[in-house]
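**Q** Given next are the chains, with one letter for each unit.
2 protein chains.
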Amino acid sequence: MSLIHKLDTRSDDFRHQLTTLLAFEASEDASIEHAVTDILLDVRSRGDAAVLEYTRRFDRLKADNIEALEIPRSEWLAALDALPAAQRTALESAADRIRRYHERQLMQTWTYTEPDGTVLGQKVTALDRVGLYVPGGKAAYPSSLLMNAVPAKVAGVAEVVMVTPTPDGVRNPLVLAAAAIAGVDRAIAIGGAQAVGALAYGTASIAAVDKIVGPGNAYVAAAKRRVYGTVGIDMIAGPSEILVICDGKTPADWIAMDLFSQAEHDELAQAILLCPDAGFIAEVEAAIARLLPTMPRAEIIRTSLSNRGALILVKDLEEACAIANDIAPEHLEISTENPDRWADLIRHAGAIFLGRHSSESIGDYCAGPNHVLPTSRTARFSSPLGVYDFQKRSSLINVSPAGAQTLGRLASELAHGEGLQAHARSAEFRLDDPARPSTPD
Amino acid sequence: MSLIHKLDTRSDDFRHQLTTLLAFEASEDASIEHAVTDILLDVRSRGDAAVLEYTRRFDRLKADNIEALEIPRSEWLAALDALPAAQRTALESAADRIRRYHERQLMQTWTYTEPDGTVLGQKVTALDRVGLYVPGGKAAYPSSLLMNAVPAKVAGVAEVVMVTPTPDGVRNPLVLAAAAIAGVDRAIAIGGAQAVGALAYGTASIAAVDKIVGPGNAYVAAAKRRVYGTVGIDMIAGPSEILVICDGKTPADWIAMDLFSQAEHDELAQAILLCPDAGFIAEVEAAIARLLPTMPRAEIIRTSLSNRGALILVKDLEEACAIANDIAPEHLEISTENPDRWADLIRHAGAIFLGRHSSESIGDYCAGPNHVLPTSRTARFSSPLGVYDFQKRSSLINVSPAGAQTLGRLASELAHGEGLQAHARSAEFRLDDPARPSTPD
Numbered sequence: 001m002s003l004i005h006k007l008d009t010r011s012d013d014f015r016h017q018l019t020t021l022l023a024f025e026a027s028e029d030a031s032i033e034h035a036v037t038d039i040l041l042d043v044r045s046r047g048d049a050a051v052l053e054y055t056r057r058f059d060r061l062k063a064d065n066i067e068a069l070e071i072p073r074s075e076w077l078a079a080l081d082a083l084p085a086a087q088r089t090a091l092e093s094a095a096d097r098i099r100r101y102h103e104r105q106l107m108q109t110w111t112y113t114e115p116d117g118t119v120l121g122q123k124v125t126a127l128d129r130v131g132l133y134v135p136g137g138k139a140a141y142p143s144s145l146l147m148n149a150v151p152a153k154v155a156g157v158a159e160v161v162m163v164t165p166t167p168d169g170v171r172n173p174l175v176l177a178a179a180a181i182a183g184v185d186r187a188i189a190i191g192g193a194q195a196v197g198a199l200a201y202g203t204a205s206i207a208a209v210d211k212i213v214g215p216g217n218a219y220v221a222a223a224k225r226r227v228y229g230t231v232g233i234d235m236i237a238g239p240s241e242i243l244v245i246c247d248g249k250t251p252a253d254w255i256a257m258d259l260f261s262q263a264e265h266d267e268l269a270q271a272i273l274l275c276p277d278a279g280f281i282a283e284v285e286a287a288i289a290r291l292l293p294t295m296p297r298a299e300i301i302r303t304s305l306s307n308r309g310a311l312i313l314v315k316d317l318e319e320a321c322a323i324a325n326d327i328a329p330e331h332l333e334i335s336t337e338n339p340d341r342w343a344d345l346i347r348h349a350g351a352i353f354l355g356r357h358s359s360e361s362i363g364d365y366c367a368g369p370n371h372v373l374p375t376s377r378t379a380r381f382s383s384p385l386g387v388y389d390f391q392k393r394s395s396l397i398n399v400s401p402a403g404a405q406t407l408g409r410l411a412s413e414l415a416h417g418e419g420l421q422a423h424a425r426s427a428e429f430r431l432d433d434p435a436r437p438s439t440p441d
Numbered sequence: 442m443s444l445i446h447k448l449d450t451r452s453d454d455f456r457h458q459l460t461t462l463l464a465f466e467a468s469e470d471a472s473i474e475h476a477v478t479d480i481l482l483d484v485r486s487r488g489d490a491a492v493l494e495y496t497r498r499f500d501r502l503k504a505d506n507i508e509a510l511e512i513p514r515s516e517w518l519a520a521l522d523a524l525p526a527a528q529r530t531a532l533e534s535a536a537d538r539i540r541r542y543h544e545r546q547l548m549q550t551w552t553y554t555e556p557d558g559t560v561l562g563q564k565v566t567a568l569d570r571v572g573l574y575v576p577g578g579k580a581a582y583p584s585s586l587l588m589n590a591v592p593a594k595v596a597g598v599a600e601v602v603m604v605t606p607t608p609d610g611v612r613n614p615l616v617l618a619a620a621a622i623a624g625v626d627r628a629i630a631i632g633g634a635q636a637v638g639a640l641a642y643g644t645a646s647i648a649a650v651d652k653i654v655g656p657g658n659a660y661v662a663a664a665k666r667r668v669y670g671t672v673g674i675d676m677i678a679g680p681s682e683i684l685v686i687c688d689g690k691t692p693a694d695w696i697a698m699d700l701f702s703q704a705e706h707d708e709l710a711q712a713i714l715l716c717p718d719a720g721f722i723a724e725v726e727a728a729i730a731r732l733l734p735t736m737p738r739a740e741i742i743r744t745s746l747s748n749r750g751a752l753i754l755v756k757d758l759e760e761a762c763a764i765a766n767d768i769a770p771e772h773l774e775i776s777t778e779n780p781d782r783w784a785d786l787i788r789h790a791g792a793i794f795l796g797r798h799s800s801e802s803i804g805d806y807c808a809g810p811n812h813v814l815p816t817s818r819t820a821r822f823s824s825p826l827g828v829y830d831f832q833k834r835s836s837l838i839n840v841s842p843a844g845a846q847t848l849g850r851l852a853s854e855l856a857h858g859e860g861l862q863a864h865a866r867s868a869e870f871r872l873d874d875p876a877r878p879s880t881p882d
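From first to last, the protein sequence lines stand for chains A and B.
With my numbering, letter number 230 in the first sequence gets 230, and the count goes up by one each step, no holes.
With my numbering, letter number 396 in the second sequence gets 837, and the count goes up by one each step, no holes.
Note that these hints are calculated values from the structure, not bench results.
Positions of the beta carbon are idealized from the N, C-alpha and C atoms, including for glycine.
Treat each hint with caution, since some may be false.
What the hints assert, rightly or not - Here are the computed lysine to any residue pairs in the SDA-like style, where the Cα-Cα straight-line distance is at most 20 Å:
id, chain 1, residue 1, chain 2, residue 2
1, A, K123, B, D767
2, A, K123, B, K564
3, A, K123, B, L786
4, B, K690, A, P401
5, B, K447, B, L733
6, A, K123, B, K756
7, B, K756, B, N779
8, B, K564, A, P401
9, B, K564, A, R104
10, A, K315, A, K62
11, B, K564, A, R99
Stated by the list, open to error - Partner residues are not named here, just some residues of chain B that face chain A (Cβ under 10 Å, in silico):
id, residue
12, A504
13, A763
14, G858
Working from the sequences, and respecting the hints, build out all of it.
**A** Structural data, given as C-alpha cells:
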C-alpha cells in the first residue's frame, strides 16, 4: 500500500481515477434507523420518563427527573475559572474573533415604498429557541461549541439549550468552559436520539426548540434527519476534506502538515494536493514520509492518506482551479503567489484559505469564519454555518387602496387563468368598481 | 357538520381544540417510497434509457431519445405569442414586479482587512445549474413557475432546466409562455421520480443540477427527499394556510372571500380568522354561507372550511398576535387599523399582509414577494423561497505573515487542548520562531 496516491491529469484514465478517489457513499444502517425511530416515538409519547430511561440505559446515569441532569451554570463558571490562563485567553480570544466576523452576517429588515403608496419588504427575525448537540467523550471539541453557539447568540436567539451525553457522569470541563464563554443558556446531560427527540418534540421539563445544530454520532445524525420538518436542522456532515492548490513555492513541510491536519480527523478524511510542479510533489511526498512517524495520530493519518489522499500533478493552476470547482471541497487552500487571482476562478468551496500563511488550522480555531462547512460536494449549493441559519425572513406586503386597483386587476386576470376564482374575487372585492375587474385591452 | 368551527379563547379547552384543529401529520406511503427508490436506482445506473422507459410507461409517450422530449424554445415563444393580450400583459407585469422585489435580496461578496493585514470575508456565488419541477395537468400554475424561476435567474444561475410531465403528449401553453417570460433555459417533457433522478444524478443527455425546486405530487416529493444531499432541494410543502387577524372593521365579505381563497386550493388547506368582535364573526359566518354557493370550487371550500377552518373569538388583538406566533402561519393577513403596530408583535409567519386592501391573492400573483412560503409551522425556522436559495457563500481567509504569528499561537494552544497535534504544528510551522509556539503567560 502506497503512502498516498499519485495522479497526473495528463494520464488517460485520470477522470476515472479521480472519481474513484472521491467516491464516498454514506451508508445507512437499518438497525440504527429502527432503533432511532423507536426512541423518537417513545420520547414523543412518554416525554421525560422515556428520556430518563434511555439515559439510564445508554449512559448508565440514574436520575429521577430531568432537573437532576441539569448542569448548573455554577459548574460551567467553575470550569472556566479552573482553566490554565493561556487556554482561557485562547478560548476567549477565539470567541471574540468568531463573534466579530459573524456580526457582519446579520441580516436586517428592509422595506420600500412604491409611488402609489404600496409598501413591500422583508422582515428579519431570530429563531426563538435552538438546541445545540455536543458529543460526549473524545469528540467533544470546545471550538465546535463556539462555532455553533456564537452565531446563534449573534443572531439574537433568546435561548440556546445545549445537550451533551455524560456516560457514567463524566463531564468535560473544557466544553463547559466554552459554553460559559459562548453564552449558552442551559445545559442538560442527555444525549443520543433521546436528546434529539426531547429537543424536537418538547417534554414537560424541556421546551421544544425550533432548530437543532451540532455534530453527533450515527444515531444522532439519523435522529436529526427524522425530526427535520418538525424542527430545522443544520447539514449532516460527511467526512472532512482539504484540497490544497500550490504553485510549488511554499515550504513542502508546511503543505505536508496541512494535509496531515485534515487526515488526522479520521480515517475517512480526505486530503488532496494539486500542483503543476512534479519536483515539488516529490518534496511533499518525502516530507510526508519524514514527518508522519513524528505525529501522535500517525496511524489515522496513514490510513486516511493511503486510502483517500492524493498528490495530483496538474498542467497549470487554471486546471487546478477547474478541478477544485468539480470537487467543491470543504476547505480549499490556495498556497500561491497572488492567491486572489486564482480565488477569482473558484465558484464552489466551503472556505477558501489564501496565501502561504493561511493554514487551515487557523481557520478551524480562531480566524473568525465558521468551521462548520459543507462537505461531500455540497458546497455547490450550500454555505458555511452562519448567523443567517439562526434568522429567518417574512415577506411584508402592504397594498395601498390605489395599489389594490392596479394590482387587483392583475391578480384577478392571472387567477382566472389558473381557475382559482376565489383568489380572483378576493382581489376584485377591493376594486373601487368591482363590476369592471378586467384590465382594459 | 358545521360550515366552519367556532372557537373562543376564553373557553377552558380552547388550547386543546386549537391543537386538534392544527394537527396535520404528513403520511408516508411505503408503496410510494419503494417505487421511488427503485426508479431512482434505475435512473442512476441506466440513465437516459431508464428515463425513456418510465416516460413510456407513466406518460404513455414513446420517444427514442431525450432529444425527442425536448420542448423547443420556438414552441414556448409561439405559446407566448398566442396568449390573449390581457393575459400576456398580466404575466409580464407580474414577472417584472417579482424580479424587482427579488433583486433587493441579492447578496454581495464582502471582505475586511485587520490592522495586521489579515483579510477576512465572505464570497457569494450563484449555483451553476438548477432543476425546476413543474407539475403536469391541472396543478400546473404559470405563477408558480415565475416564483421559482425568476429568483434563480436574478441570483445569476447560468442554467435553469425545467422538467414537466406531459401525459399523452399534452403540453400546457400557459406554462410554456411563463417559461419564456421567466428566462428558463431548457425544457424537457419528463416528470415524476424519473425526472428528479435525471436532474440529481445526470444522464448522457441531461446534465446533473445542483438544486431541484418546485412543487410536485407525492412521488416527486419522495424523490426529492431521497436525492437531498446529492443536490439541494427546496422545502417539501404541506397544505396551504391562511390566518387572518381582523379588528372587525373590514367588510365581512372581503374576509370571507380571503378565507375561501385559501380553502379553494384543496380539502386540506386551512383558513382561520382571529377577531375580538363576536358580532363581526357572525357577519363573516353569514357571508360564508351566502357566498359559498356562488363559488365554482364550492365543494373543495366547503370541505376545507368544515374540517380545518375556524372563526376564533379572541380577547384582543394582542392575544391574536400571540396565537399567530404559536401557529406560525404560511400567510398572515393583518386586516386592521394601524397594521404595523400588530405586525411588530409577529415573530413567525411566511408572509405578512398588512391593511384591509392587502388580499393574499395579490401576494400570490403579483405584489412581488415570493408565494413559495414555509407551511406547517416551519416559518419558526425557515423563510420564503428567495434569491438567497440560489446563492451560496464561501468563507475567505487570507492570514498575513504578521497575523500568522498571533493567530498561529492561538490556534496552536487550542489544537493542543483538543489533542489535534497536526493542526497545532501546521500553525506552528508558520511562526517566525517555531521553537516558541506558546502564548507567553
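**Q** All hints are to be evaluated individually against the structure, with a verdict given for each.
**A** Status of each hint after checking the structure:
1. For the suggested pair K123/A and D767/B, the alpha carbons sit about 18 Å apart, so the restraint of at most 20 Å is met.
2. Of the pairs offered as hints, the one joining K123/A and K564/B is violated, with about 24 Å between alpha carbons and a cut-off of 20 Å exceeded.
3. A C-alpha spacing of about 12 Å is found between K123/A and L786/B, which places the hinted pair at or below 20 Å, so the restraint holds.
4. About 15 Å separates the Cα atoms of K690/B and P401/A, which keeps this hinted pair within 20 Å; it holds.
5. About 17 Å separates the Cα atoms of K447/B and L733/B, which keeps this hinted pair within 20 Å; it holds.
6. Using a Cα cut-off of 20 Å, the hinted pair K123/A and K756/B is violated, with the two alpha carbons roughly 27 Å apart.
7. With a C-alpha separation of about 18 Å, the suggested pairing of K756/B with N779/B holds against the 20 Å cut-off.
8. Between the alpha carbons of K564/B and P401/A the distance comes to roughly 42 Å, so the proposed pair goes past 20 Å and is violated.
9. Between K564/B and R104/A the CA atoms are separated by roughly 13 Å; this keeps the pair inside 20 Å, and the hint holds.
10. A distance of roughly 62 Å separates the Cα atoms of K315/A and K62/A; the hinted pair therefore is violated under the 20 Å criterion.
11. The hinted pair formed by K564/B and R99/A meets the criterion: a straight-line CA distance of about 18 Å does not exceed 20 Å.
12. For A504/B, the shortest C-beta to C-beta distance to chain A is roughly 29 Å, which exceeds 10 Å, and the interface hint is violated.
13. Annotation: A763/B was flagged as interfacial toward chain A, and the flag is violated, the nearest CB pair being 13 Å apart, outside 10 Å.
14. With a cut of 10 Å, the hint placing G858/B at the interface with chain A holds, because the nearest CB-to-CB distance is about 6 Å.
The structure fails to meet hints 2, 6, 8, 10, 12 and 13 from the earlier list, while all remaining hints are met.
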